[in-house]
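*Asks:* The opening position of the sequence shown corresponds to residue 1 in full-length UniProt numbering, with each subsequent residue numbered one higher.
Hint data in this document are derived by calculation from the structure and do not stem from the laboratory.
The structure presented is a predicted model; accordingly, all values stated were derived computationally and were not measured.
Note that the Cβ used here is the ideal one computed from N, Cα and C, for glycine as well.
Be aware that one or more of the hints could be misleading.
In silico EDC-like pairs for lysine to aspartate or glutamate, Cα to Cα no more than 16 Å straight-line [as the list claims (entries may be wrong)]:
1) K158 / D139
2) K251 / E222
3) K251 / E207
4) K108 / D139
5) K158 / E207
6) K178 / E207
7) K226 / E242
8) K161 / D194
9) K161 / E128
10) K226 / D176
11) K59 / E87
12) K37 / D72
13) K37 / E91
14) K59 / E91
15) K125 / E87
16) K138 / E91
17) K125 / E96
18) K70 / E106
19) K161 / E127
20) K138 / E96
Across the chosen pairs, the derived CB separations fall in these ranges [what the hints assert, rightly or not]:
21) N160 / Y92: 36 to 44 Å
22) K234 / G60: 47 to 55 Å
23) Q204 / L58: 35 to 43 Å
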Amino acid sequence: MRLENFLPVLLAAGLLALGGCASTGTSDSLHTSSANKALEAAQIHTQLGEAYMQRGDLKGALAKLQLALKYDDNYVPAHTVLAVLYERIGEYGNAEHQYRRVLDLEPKSGSANNNLGAFLCRTGKVEESLQYFTRAAKDPFYQTPYAAYTNAGMCLIKLNKLAEAAQQFHDALSIDPKFPAALYQSARVWYLQDNAFRASAYLQRLESLGPAGPDTLKLGYEIETKLGDTVSAKSYRDRLIEQYPDSPQAKSLSATGSQP
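Using the sequences and the hints, build the whole thing.
*Replies:* Structure, rendered in structure tokens:
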């Protein structure tokens, strides 16, 4: 996962269990049976659409997702996957419509609010996005509120509100102290505030969790350079170039000839 990117939308396809409702009336039974069949068809076509997306068949995915919504226009997973698809192909107006449609259907959903907020921030509507992260974090049933706090912090960095961003990452880590994205962003925001010592502490916590990616190694190089630790800075630089030679992060150091 690129730690500088927004946390990905969690696709909901296939997660909703189908179930019938008991009824003693023939008319009610027929209505329930018809509704269940429509829901099942929507679920199946949504799962197929997501599978096509994963294979790179975006045209096929679009057809399946549109068909899913013909069966059940209130089926949230179909709207969610369709939003992701439209965003992937650059149809941002349609993507926003789908993200907002999900929120219309589930206005208190932490996932729906977080997904819309992240989309708005990615597409330049930074100020507007913040309210949705706040709503997401307030959902008592939302299992990953730390994701909303982290996304909010990343948006606040875009607005150069670094102290507020640091607080959001702190809130995320108070829920999950080992959340990698929040640790990385904490290191980044303290580095941006010229507190390289504190930034280094967060980066060390991140590195203790597992192998460092290119974002982490480049930030480590920058932090240690600011601290004046040329040996550690060189170690980060060498690891980045050796382990991820084709990464944009490694190329940026190679292009500038950066040396600690």
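*Asks:* Hint by hint, note whether the structure agrees.
*Replies:* Outcome of the hint check:
Our distance criterion of 16 Å between C-alpha atoms is broken by K158 and D139, whose separation comes to about 25 Å. Simply put, K251 and E222 have alpha-carbon atoms about 15 Å apart, close enough for the 16 Å limit, and the pair holds. Among the hinted pairs, K251 with E207 is inconsistent with the structure: their alpha-carbon atoms are about 22 Å apart, more than 16 Å. Distance check on the hinted pair: K108 and D139 sit about 6 Å apart at the alpha-carbon level, within 16 Å; holds.
A hinted pair counts as satisfied when its Cα atoms are at most 16 Å apart, and K158 with E207 does not qualify at roughly 25 Å. Taking the CA atoms of K178 and E207, the gap is about 10 Å. The hint holds against a cut of 16 Å. Between the alpha carbons of K226 and E242 the distance comes to roughly 22 Å, so the proposed pair goes past 16 Å and is violated. Between K161 and D194 the alpha-carbon distance is near 14 Å, which keeps this suggested pair within the 16 Å criterion.
Restraint check: the Cα-Cα separation between K161 and E128 comes to about 15 Å, which is no more than 16 Å; the hinted pair holds. With a C-alpha separation of about 29 Å, the suggested pairing of K226 with D176 is violated against the 16 Å cut-off. For the given pair, K59 sits about 14 Å from E87 by alpha-carbon distance, which is consistent with the 16 Å threshold. At most 16 Å may separate the alpha-carbon atoms for a hinted pair to count; K37 and D72 meet this at roughly 10 Å.
Pair hint K37 plus E91 does not hold up; C-alpha atoms about 31 Å apart against a cutoff of 16 Å. Distance restraint check for K59 and E91: the Cα-Cα separation of roughly 13 Å lies within the 16 Å cut-off, and the hinted pair is therefore satisfied. With a C-alpha separation of about 15 Å, the suggested pair K125 and E87 falls inside the 16 Å cut-off, and the hint holds. The straight-line distance between the Cα atoms of K138 and E91 is roughly 30 Å, outside the 16 Å bound, and the hint therefore fails.
For the suggested pair K125 and E96, the alpha carbons sit about 11 Å apart, so the restraint of at most 16 Å is met. Between K70 and E106 the CA atoms are separated by roughly 19 Å; this puts the pair beyond 16 Å, and the hint is violated. The hinted pair formed by K161 and E127 meets the criterion: a straight-line CA distance of about 11 Å does not exceed 16 Å. Simply put, K138 and E96 have alpha-carbon atoms about 22 Å apart, too far for the 16 Å limit, and the pair is violated.
Between N160 and Y92, the C-beta spacing of about 24 Å breaks the proposed range 36 to 44 Å. Hint check: K234 to G60, Cβ distance near 49 Å, so the stated range 47 to 55 Å holds. At about 41 Å, the beta-carbon gap between Q204 and L58 stays in the expected band of 35 to 43 Å.
The structure is inconsistent with the numbered hints 1, 3, 5, 7, 10, 13, 16, 18, 20 and 21, although it conforms to all the rest.
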